[in-house]
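Below, each chain spelled out in residue letters.
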Amino acid sequence: MERQFRRSFDSLHDIFDFLDLFFALEKVDTKHRYGMYLAAEEFFTNMVKYNSGDAPGEICIEIARTDDQLRLALTDFNVDPFDVTKARPVPKDTPLEVRRRGGLGLQIVREMMDSVTYDYFDKRSRVTVVKNLE
Amino acid sequence: MFSIEWGGKGDVVLTGRWDATQTEKAETFFKQINQPSTVDFKKLDYISSAGLGILLMTQKRLMGNGGSLTLVNLNPHISEVFRYAGLERVFVISKSPGR
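Heads up: the sequence lines are chains E and H, in that order.
The opening position of the first sequence corresponds to residue -5 in the working numbering, with each subsequent residue numbered one higher.
The opening position of the second sequence corresponds to residue 2 in the working numbering, with each subsequent residue numbered one higher.
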C-alpha cells in the first residue's frame, strides 16, 4: 500500500488511519503495530522538520508485508541528503541532568525494528524499516 | 484523540494517543506542575518521542526542586518504549498508584 501525505504534523492522524487500514487488511498482529506507528511518526516528523531544499508538499509512505516481514518506507522528494540513521544514540545510562529533549525517537525505533536503512538517489531521501514477524 | 487532565486524587490522567500533534497541549499542562506528581498511563495507548521529551523536561525541572514524577499503569508497549530509551532509570515507574 502506498500513499502521499501533506508535509505537515497535521497529517499524522491520516497516517495512523492509513496504517490501521493496512493492519486490518493484512491481519497484522497487534504486537507488531506499535513499532510501525512509532517509526512512521518519528521519521515523518523528522522529514517535516529538517529536510531542506526545494521540497514539494508531500511525503510518500509505503507499507508492505511478506510472509515473515513488515516493511515501511518513507520517501521525501527533491531534498538534500539527510541521513537520520547516522545520528548518535543517546546512551541509556545518560544521567537526567545532561539529557536533552531530542534524539530518543530514532533510538527507540532502532531497538524495536530489525533494520533501519537510508538511501538517497535522484534527490530523493528514503528511510526504510523492517520488522521480522516471528 | 488525546486528553490530559487532573484526576480525582490529584494525579495526572493521560488518555488516548500522545503523538507530536499534541505537543503544545501537553507542554502547557505539564508546565503548571510544580510539585511531586503521579501520572496515570492506564488509558494511554501510545506515546512517541514528542511526549517522552515533555516528560523528561518536566522531570528535570522538578528534580531541580527536589520533586519528581511517578509514572503508573504503563501498558507493555509503552513500558518497552521507556526501557529502550533508558528512561526507566530517570523516572519512578510503578504498576499502580501507591506501590
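Because the hints were derived from the structure by calculation, they are not lab data.
Using N, Cα and C, we set each Cβ at its ideal position, and we do this for glycine too.
Careful, some of the hints might be misleading.
[Unchecked claim] Result set (EDC-like, lysine to aspartate or glutamate): computed pairs, CA atoms no more than 20 angstroms apart in a straight line:
1) K61(H) x D62(E)
2) K96(H) x E81(H)
3) K25(E) x D62(E)
4) K86(E) x E81(H)
5) K26(H) x D4(E)
[As the list claims (entries may be wrong)] Here are some chain E residues pointing at chain H (derived, C-beta under 10 angstroms):
6) D4
7) L15
8) Q63
9) R82
10) K86
11) E91
12) R93
13) G99
14) L127
Now for the hints, and whether the structure bears them out:
no.: 1; hint: K61(H) x D62(E); in the structure: 42 angstroms, violated
no.: 2; hint: K96(H) x E81(H); in the structure: 14 angstroms, holds
no.: 3; hint: K25(E) x D62(E); in the structure: 14 angstroms, holds
no.: 4; hint: K86(E) x E81(H); in the structure: 13 angstroms, holds
no.: 5; hint: K26(H) x D4(E); in the structure: 14 angstroms, holds
no.: 6; hint: D4; in the structure: 7 angstroms, holds
no.: 7; hint: L15; in the structure: 16 angstroms, violated
no.: 8; hint: Q63; in the structure: 20 angstroms, violated
no.: 9; hint: R82; in the structure: 14 angstroms, violated
no.: 10; hint: K86; in the structure: 3 angstroms, holds
no.: 11; hint: E91; in the structure: 7 angstroms, holds
no.: 12; hint: R93; in the structure: 6 angstroms, holds
no.: 13; hint: G99; in the structure: 3 angstroms, holds
no.: 14; hint: L127; in the structure: 16 angstroms, violated
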